[in-house]
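K.L.:
Generate the whole structure from the sequences, applying the supplied hints.
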Amino acid sequence: MTTKLLIFRRWFCAQSVVAAAAFWVLAGCSQQPSTDRVVVYTSVDRIFSEPVLQEASRDLGIEVVGVYDTEETKSTGLVNRLLARRDNPDGDIFWSGDPARAALLKSQGITDSYDSPAAAPIPTHFKDTDDHWIGFSARTRVLLVNTDLVQEAEEPKSIFDLTKPEWEGRVAIANPLFGTTSFHIAALFDKLGDDRAEQWLTDLKTNDVSIVSSNGEVKRQVATGQVAVGLTDSDDAGEAIKDGASVRSILLDQGGADPLGNLVMPNTVSLIRNGPNPEGARKVVDYLLGSGVQRMLAESCAQAPLTPGVDVPENVVSLDAVVPMNVNYSAVADKLEEIMPYLKEWAESR
Amino acid sequence: MPINSRRLCLISRNGPNPVKRHGELRFSDTSCAWLATLTCAAALTVLPLSILYIRAFLETDAPGSILAAADFSLLGRTFALAGIVALFGTALGLLVGQCLGGREWRGRNTFRLLLLLPLVVPPYVHAVGWTNLLRMEGPVSRASQVIGLSSSLLSEGIYSFGGAAFVLTLAYFPIAALLAEKALALSPYSLVETASVFGANRWQAYLYARWPYLRSAALSSGVILFLLTAAELGVPTILKVSVFTFEVFTQLSAFNDFSSATMFATPLTVAGVALVFFERQLLPNEEVQSDLVEAGHQPSATTRYKLVSTMFLLACLAVAFGVPIGHMLSTAFERNALYEMGRVAVNPARATILYSVSAAVVTILLAGLFAATLRNGKPWRYRLSDSVLIVGFAVPGVILALGLLFGSHAFAPTASATVLVILALAARYATISYRTLVASYAQVPDEFLEAAKVEGATGIETLRFVVFPLLRVPLLVAFLIVFVLSVGEIGSTIMLYPPGGETLPIALYSIEANSPRSYVAAMALYEVLLCVTPFLGLLIAYGVFRSARTAWRRIA
Numbered sequence: 015m016t017t018k019l020l021i022f023r024r025w026f027c028a029q030s031v032v033a034a035a036a037f038w039v040l041a042g043c044s045q046q047p048s049t050d051r052v053v054v055y056t057s058v059d060r061i062f063s064e065p066v067l068q069e070a071s072r073d074l075g076i077e078v079v080g081v082y083d084t085e086e087t088k089s090t091g092l093v094n095r096l097l098a099r100r101d102n103p104d105g106d107i108f109w110s111g112d113p114a115r116a117a118l119l120k121s122q123g124i125t126d127s128y129d130s131p132a133a134a135p136i137p138t139h140f141k142d143t144d145d146h147w148i149g150f151s152a153r154t155r156v157l158l159v160n161t162d163l164v165q166e167a168e169e170p171k172s173i174f175d176l177t178k179p180e181w182e183g184r185v186a187i188a189n190p191l192f193g194t195t196s197f198h199i200a201a202l203f204d205k206l207g208d209d210r211a212e213q214w215l216t217d218l219k220t221n222d223v224s225i226v227s228s229n230g231e232v233k234r235q236v237a238t239g240q241v242a243v244g245l246t247d248s249d250d251a252g253e254a255i256k257d258g259a260s261v262r263s264i265l266l267d268q269g270g271a272d273p274l275g276n277l278v279m280p281n282t283v284s285l286i287r288n289g290p291n292p293e294g295a296r297k298v299v300d301y302l303l304g305s306g307v308q309r310m311l312a313e314s315c316a317q318a319p320l321t322p323g324v325d326v327p328e329n330v331v332s333l334d335a336v337v338p339m340n341v342n343y344s345a346v347a348d349k350l351e352e353i354m355p356y357l358k359e360w361a362e363s364r
Numbered sequence: 035m036p037i038n039s040r041r042l043c044l045i046s047r048n049g050p051n052p053v054k055r056h057g058e059l060r061f062s063d064t065s066c067a068w069l070a071t072l073t074c075a076a077a078l079t080v081l082p083l084s085i086l087y088i089r090a091f092l093e094t095d096a097p098g099s100i101l102a103a104a105d106f107s108l109l110g111r112t113f114a115l116a117g118i119v120a121l122f123g124t125a126l127g128l129l130v131g132q133c134l135g136g137r138e139w140r141g142r143n144t145f146r147l148l149l150l151l152p153l154v155v156p157p158y159v160h161a162v163g164w165t166n167l168l169r170m171e172g173p174v175s176r177a178s179q180v181i182g183l184s185s186s187l188l189s190e191g192i193y194s195f196g197g198a199a200f201v202l203t204l205a206y207f208p209i210a211a212l213l214a215e216k217a218l219a220l221s222p223y224s225l226v227e228t229a230s231v232f233g234a235n236r237w238q239a240y241l242y243a244r245w246p247y248l249r250s251a252a253l254s255s256g257v258i259l260f261l262l263t264a265a266e267l268g269v270p271t272i273l274k275v276s277v278f279t280f281e282v283f284t285q286l287s288a289f290n291d292f293s294s295a296t297m298f299a300t301p302l303t304v305a306g307v308a309l310v311f312f313e314r315q316l317l318p319n320e321e322v323q324s325d326l327v328e329a330g331h332q333p334s335a336t337t338r339y340k341l342v343s344t345m346f347l348l349a350c351l352a353v354a355f356g357v358p359i360g361h362m363l364s365t366a367f368e369r370n371a372l373y374e375m376g377r378v379a380v381n382p383a384r385a386t387i388l389y390s391v392s393a394a395v396v397t398i399l400l401a402g403l404f405a406a407t408l409r410n411g412k413p414w415r416y417r418l419s420d421s422v423l424i425v426g427f428a429v430p431g432v433i434l435a436l437g438l439l440f441g442s443h444a445f446a447p448t449a450s451a452t453v454l455v456i457l458a459l460a461a462r463y464a465t466i467s468y469r470t471l472v473a474s475y476a477q478v479p480d481e482f483l484e485a486a487k488v489e490g491a492t493g494i495e496t497l498r499f500v501v502f503p504l505l506r507v508p509l510l511v512a513f514l515i516v517f518v519l520s521v522g523e524i525g526s527t528i529m530l531y532p533p534g535g536e537t538l539p540i541a542l543y544s545i546e547a548n549s550p551r552s553y554v555a556a557m558a559l560y561e562v563l564l565c566v567t568p569f570l571g572l573l574i575a576y577g578v579f580r581s582a583r584t585a586w587r588r589i590a
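Chains A and B, in that order, give the protein sequences.
The first sequence begins at 15 in this note's numbering and counts up one residue at a time.
The second sequence begins at 35 in this note's numbering and counts up one residue at a time.
Calculated from the structure, these hints are not laboratory results.
Hints are not guaranteed to be accurate.
Result set (DSBU-like, lysine-lysine): computed pairs, CA atoms no more than 30 Å apart in a straight line [claimed, not checked]:
| hint | chain 1 | residue 1 | chain 2 | residue 2 |
| --- | --- | --- | --- | --- |
| 1 | B | Lys274 | A | Lys219 |
| 2 | B | Lys274 | A | Lys358 |
| 3 | A | Lys178 | B | Lys274 |
| 4 | A | Lys219 | A | Lys171 |
P.N.:
As structure tokens, then:
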């Protein structure tokens, strides 16, 4: 070992330690939470949620920053971020595309209650009893139909029609472990009871249903004619129609003596407990629940406002015209947690 | 020398394991400094995982039963995909490497540089490019309709196991090509001539004189391609192919269960480490390839050889880069998408550059420390250090990120998210800088350092005038490779990025679901641009610098 080499080593080590320390300090300085900034975690597609947050920034004079979900990574980056950061949250608000995740975060102690004055006109049915989440604009579950493959007279009218022989191998649904499909199935379990719901899923599997990765993929397969029909969300269906695909979206279980009804899924907004900027967060929650945001969402992704009297474009289905599936959203969220192992088994079975 | 396969060789191959120079092994003792460096490395890679495993064992009654519940058919499917990509990627790479390294011909350096293009584009961008190109209403489907083929054949075929294998093979084959090219360049052609003199035919001569050099490159490429494919989630997700990494994500997404996700990541980690160990057993005494090893002289190429090679290389480059990326470019002009996404991409690009440059610097510092403390050190220290760093590469990024997050809660609760992102990237790719720099520094002859001492140089002068000039290229290469890989990383960054500090891949993924195709293409192009521009810019700057220096010396 030469002396010079030793000197070099000492020099290199010292420089590295100094550089690392300086880097840590400098990078750490940027961590200070700003009182002029509100961080919104949102599972709503970025293309629809980002303009709303930008508008909120302009109108409120607060920097509203979004942390967006990615459909391709199945919410990994969002709910898990909140769960993993429960002791040191970096977000103020959770804006969910369905009530299931809001209920999950409530059960995990991640969210706080907030009785927003802006929520007064919203029906109680769409609000958590403890004010941990409040619903605003709503999507519906729809059946997307390829009009080249299915005549109007042949269209299914009920989810139970999808298990009939004429639909064998012609139906697609997204993986029921994720997203709104999981919520839809949990709602069916809650409404029909475990036995009937399990029987329906078994029949669907027997009928060779195609289980695909996401609602977007259901839309793609129906639009391209790989399958004739598929269960998806109204905003996905709206996108397919906007893109000019030969498709039509229909609501299921709307007729008969005691119709099951169609699932309505409200967006929800929750306040994150111990978030960096609770004051600013309340202002943004009030803003999101306002009629302006509901109008924007109606125009951009055909979501139905829950506040009465909001003007909407003609293509948006009014909730007054829908026979809804009457469910208790908190109970559905609990049911979802309960049936997850069964759903995994069902999805993986041949 | 331009940046080329030599550096990639260093990534994949054994490093000084131990370094054999002048027929002897030379070791010295720097225990404390090495131990301190190893502790830093372990804090980055092993500690976060240990924290996760401890949580898993504490929170779960029977962690083993969790693993037993995993869908191991998916593991088989993943390994099958990885095996196919390793096989075909290596085979294609060997052919390309033969064109580049088998003979001396004008223009091969240009191709060697161009081959880096498909390599620096993240694999999921390749996937986006191919799905764009082959979509139902796309040009390929229209062309296939004209010739009477079903338009859905390709548009649906890309969303399949075969489609994923195809895309990943095209994304990764340049690694094998560059390794093979370097191996051929090192093999002395005189051996082939000798074999011919002794009556061997063309194939026998190739088998006995060339293949021994190519074998290790083929094995190393196979291992790298297998590891990269097995850990890949982006391409299978975009192409809707189920793989085992999906099991890990299912545990996180559907069940929000960190402990199960950790346990489910175990087979991938174990397989990765085992494969690297297996590679080392097969190649225990391979010489280190670096700039300091002289290349063997190759004969000049015939006109026919040049023509065939040029056509083949152009075809490979067109399929692997030109066609999908070119079509993506044309798509990105629709709906004013380049401008619209350009505005969106500014902040993510800035954040991506910050994270990636910082991560590259951190890995180089760490590798530099290892290089200084491992020089002439005991072989087991090299292996242990290597094993500690390879863990960060083998484990899925999201698991590493979770470990760092929980680790920071325990030990540094005020650590910023920016620091965590940089540390996660450094932990993922430190092994690359390590293998590059440690191998290269180990080959700096002691005589050079001793000569500097005799001349009265200080430590800084020795570093400035002896060590740095010799390690300039490895440093640059380590920096660029870590930079490019960090730019494309999504698994670890998605869990850690600070609000408002998202990276370009995250921006791309977050618009992928319901945005117009042109927007997705434009965002993907910005990512390609971010990967390619610094690479080519530095290469050009380096070339200009060398030319200027040569000219100056002539004048002087």
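K.L.:
Mind checking the alpha carbons of B/Lys274 and A/Lys219 for me, to see if they're no more than 30 Å apart?
P.N.:
20 Å, holds
K.L.:
Next pair to validate is B/Lys274 with A/Lys358; report whether the Cα-Cα distance is within 30 Å.
P.N.:
17 Å, holds
K.L.:
Given the hint that A/Lys178 pairs with B/Lys274, test it: the Cα-Cα distance must not exceed 30 Å.
P.N.:
Holds, because 27 Å separates the two Cα atoms, which is no more than 30 Å.
K.L.:
Checking one constraint from the list: CA of A/Lys219 to CA of A/Lys171, max 30 Å. Satisfied?
P.N.:
19 Å, holds
In this structure, every one of the numbered hints holds.
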